[in-house]
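Undergrad: Build the full structure now, drawing on both the sequences and the hints.
Protein chains: 2
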Amino acid sequence: MSPEEFRQYGKQVVDWIADYLGSVEKHPVRAQVRPGDVRAMLPAHPPEQGEPYEQVLADMDRVILPGVTHWQHPSFFAYFPANASGPGILGDLLSSGLGVQGMVWATSPACTELETVVVDWLAELLGLPAHFRTDSAGGGVIQDSASSAALVAVLAALHRTGTDGRRTIYVSSQTHSALEKAGRITGLVAGDVRTVDVHPETLEMDPARLRALIEEDVAAGVTPALVCATIGTTSTTAIDPVRAIGEICREHGIWLHIDAAYAGVAAVCPDLRWINDGVAEYADSYATNPHKWLLTNFDCGVLWVADRKPMIDALSILPEFLRNAASESGEVIDYRDWQVPLGRRFRALKLWSVIRWYGAEGLREHVRTGIALADRFAELVAADPDFELRAHHPFGLVCFRPLRTDALELMERVNASGKLYLSHTKVGDEVWLRLAIGAPATTAAHVDAAWAALQAAGRRISPGRR
Amino acid sequence: MSPEEFRQYGKQVVDWIADYLGSVEKHPVRAQVRPGDVRAMLPAHPPEQGEPYEQVLADMDRVILPGVTHWQHPSFFAYFPANASGPGILGDLLSSGLGVQGMVWATSPACTELETVVVDWLAELLGLPAHFRTDSAGGGVIQDSASSAALVAVLAALHRTGTDGRRTIYVSSQTHSALEKAGRITGLVAGDVRTVDVHPETLEMDPARLRALIEEDVAAGVTPALVCATIGTTSTTAIDPVRAIGEICREHGIWLHIDAAYAGVAAVCPDLRWINDGVAEYADSYATNPHKWLLTNFDCGVLWVADRKPMIDALSILPEFLRNAASESGEVIDYRDWQVPLGRRFRALKLWSVIRWYGAEGLREHVRTGIALADRFAELVAADPDFELRAHHPFGLVCFRPLRTDALELMERVNASGKLYLSHTKVGDEVWLRLAIGAPATTAAHVDAAWAALQAAGRRISPGRR
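In order, the protein sequences belong to chains A and B.
For the first sequence, my numbering assigns the number 13 to the initial residue and increments by one for each residue that follows.
For the second sequence, my numbering assigns the number 13 to the initial residue and increments by one for each residue that follows.
Simulated from the structure, these hints should not be mistaken for lab results.
Quick caveat, the model's predicted, so the values are computed rather than measured.
Incorrect hints may appear among the rest.
[Claimed, not checked] In silico lysine-lysine, BS3-like type, Cα no more than 30 Å apart, as pairs: (1) B:Lys38 with A:Lys23; (2) B:Lys38 with B:Lys431; (3) A:Lys23 with B:Lys23; (4) A:Lys321 with A:Lys38; (5) A:Lys38 with B:Lys23; (6) B:Lys38 with B:Lys23; (7) B:Lys38 with A:Lys438; (8) A:Lys38 with A:Lys23.
TA: Have a look at this one:
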């Protein structure tokens, strides 16, 4: 495709996306297709001759859109949001257009240096400590996800223990499954990912139980490597007591990783910085995902470390073909040693685009809007005696449950309607519904309509309700 | 940013990229900046207020482009190509515009099902065996890179051994460092990634040495888990004897992973399918990267497995919030269990765009052009007694060295000129230069100019040369 053909088709694709974004509400939120439906509409074999790009765009409407669950729909409330935004899309487009691969500084210095600048910017925007900045012994890096960030933290922590003997890592029952997966990937055997009890109401990790487990393990000759504390758990946005956990970690020389994948970006609002209490003093690593609630297209997760050395020592292997003068000078960062894969896209462009377009003010406004809408929804739930509201944390997630209707049946009914999409979790044996607000297109009207749809569905399932 | 603002700025960005692609030759191939130059041009702090997008585009010209090493430049010959193409960029743009996250089938069925279709298409285009198709016990998946594909293969292989005891994996001195990294990540200790000797001339893994090592390890009570054979090594595009290696793996029940990251896509040409001899009979997994030589923007690596079960067993963890009826029906693929991270972009769109725009014919033509240009360059080298040509494989990489000049000095001189960019490797103690052809914009004129620049630089360094 020549540059001029790209110019022509590129504008058609931009129009297609602008039309899509402007009309996303006309689609059912959750795809209505059944397994195999999309595949059945596609040719079984690849084309022998090339096709005009118009045919791809026609198939986007005919084949792809009906099979898409619309994460940018204003009534998408399932999981946490995966925000896209105009500047996020454009930053990704610039990255694709340049087509550079920034595995080491020398293969595109701007890819590395813009990344150090924007992760430092983000650390400042979130009020994170100076030792997470890249001009310190620590630094930040963009990963594809908080799963990968957790894996890197576990690898650094295991390396830092300086032993190949039995090591353990500590999570709670509320910790994201990515930590268990990281444990499994890094070769920990079953039981070495230790689950600490949580407070039965708040679902926060119990520091006394953590201490007891660690002391038990140390006495048994095991080396505790890492504790993961979560700020805003996936299930209910619970906040682990980072300071108390951090003190225990410090006593025992254990790596403290903070998984703030969803909620961390809320600290763009100074009045929410308290969620990070203890991070500056105790955290060895901290992960949050601008691709969740900060308007930056997936994938863009940021990992900061207080000391980059154990991470680089754990991950660096230098084959001859990557040797170069800049790396050997020690003056540059080679981000390949800060991640699992070798290759890397120029992801900093999208975060840069987003921060510049919205500014700190715009980012705060976006987070505050989501929180205000969640508060609005929580008030609606609280006022209905047929529903129970779960005490909630100051983010965009509301957990609630119907008292006279099966929660999963209610959820399936509204999700199947295509009007909104929400998800569920379990606390003990109780099923709770999760309504996560945070898409930039969501307004009070969408929240009110979601509530009306839930109430109506509840009444249809259990006509005896008030 | 509203849809209408996106429409407006999106077209500006498309114009910017079209202009860039149309004029990429005016830039020095390798960035001419020094460490810190890019950073110094950027503000130390994020903006408080948002900025017009025009300012981002202006900074693309002012700050970013001077710091970019231009991977799409027709005279970029370092590393393997990381091809971008118009339809690749547009497919990525469509993915960004939709902003879906396809961690499980239910979160966007089209994301999963288009992926199964395009990886099946690619398997057909490359003549890979039917048991790699997703309608078999095996299947294909898009990973970010061959590093991650190798890590997944190692995890599946380790899981399949059914033991937590000492396991080993086997590579050669020519295997990509990603395998050593995968070994380290998965908790293998030093020495458990075993290096098999290669033939001193061809640099192919020696099956007799492989067999001896395996038998030695088995006798010592170790469980051999995986052998990685490479089709087209990074250093010199050597091709390991897959069939002979496969027979040994079969005898001992060892997982055979094929790393064909760069060269695998050459099999779009039927006359090159011999490079995969033995794959159909013996390979448990096979990885190749359309993002290298097949016109699909980074990141797009494809991993196929002959049996998906050990991979899924190794990687699947199901938290409550991801439970859904479709997954429980067993009728769908949840690609989160085929990779390390949980979240995933809609990467199939770019591979789909590329295959449809070029068609099988266009893809073959692209590969053949690269090979013909490499042959042309090799002939030029062979005709000059001041240079030595290394016997080369039928791909786009030419390895050669100057006989009267220091190879690294020659390389640094031409790279610093900005006229072309090449890299080096070592075979034993000998330094060889690597010139990898494969960018779609590269023509015979660029290859001839590269050769002229190398000859001239050689003459300047060693005026006594003929």
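Undergrad: Against each hint, give a clear statement of whether it holds in the structure.
TA: Status of the hints after comparison with the structure:
1. B:Lys38 with A:Lys23: holds (25 Å)
2. B:Lys38 with B:Lys431: Satisfied, since the Cα-Cα distance of roughly 10 Å is no more than 30 Å.
3. A:Lys23 with B:Lys23: Since the Cα atoms of Lys23 of chain A and Lys23 of chain B sit roughly 6 Å apart, the hinted pair holds (cutoff 30 Å).
4. A:Lys321 with A:Lys38: With Cα atoms ~51 Å apart, Lys321 of chain A and Lys38 of chain A exceed 30 Å; violated.
5. A:Lys38 with B:Lys23: Roughly 25 Å between the alpha carbons, so the hint for Lys38 of chain A and Lys23 of chain B holds.
6. B:Lys38 with B:Lys23: holds (23 Å)
7. B:Lys38 with A:Lys438: violated (59 Å)
8. A:Lys38 with A:Lys23: Within the cut-off at roughly 23 Å; holds.
In summary, the structure is inconsistent with hints 4 and 7 from the numbered list given earlier, while agreeing with the others.
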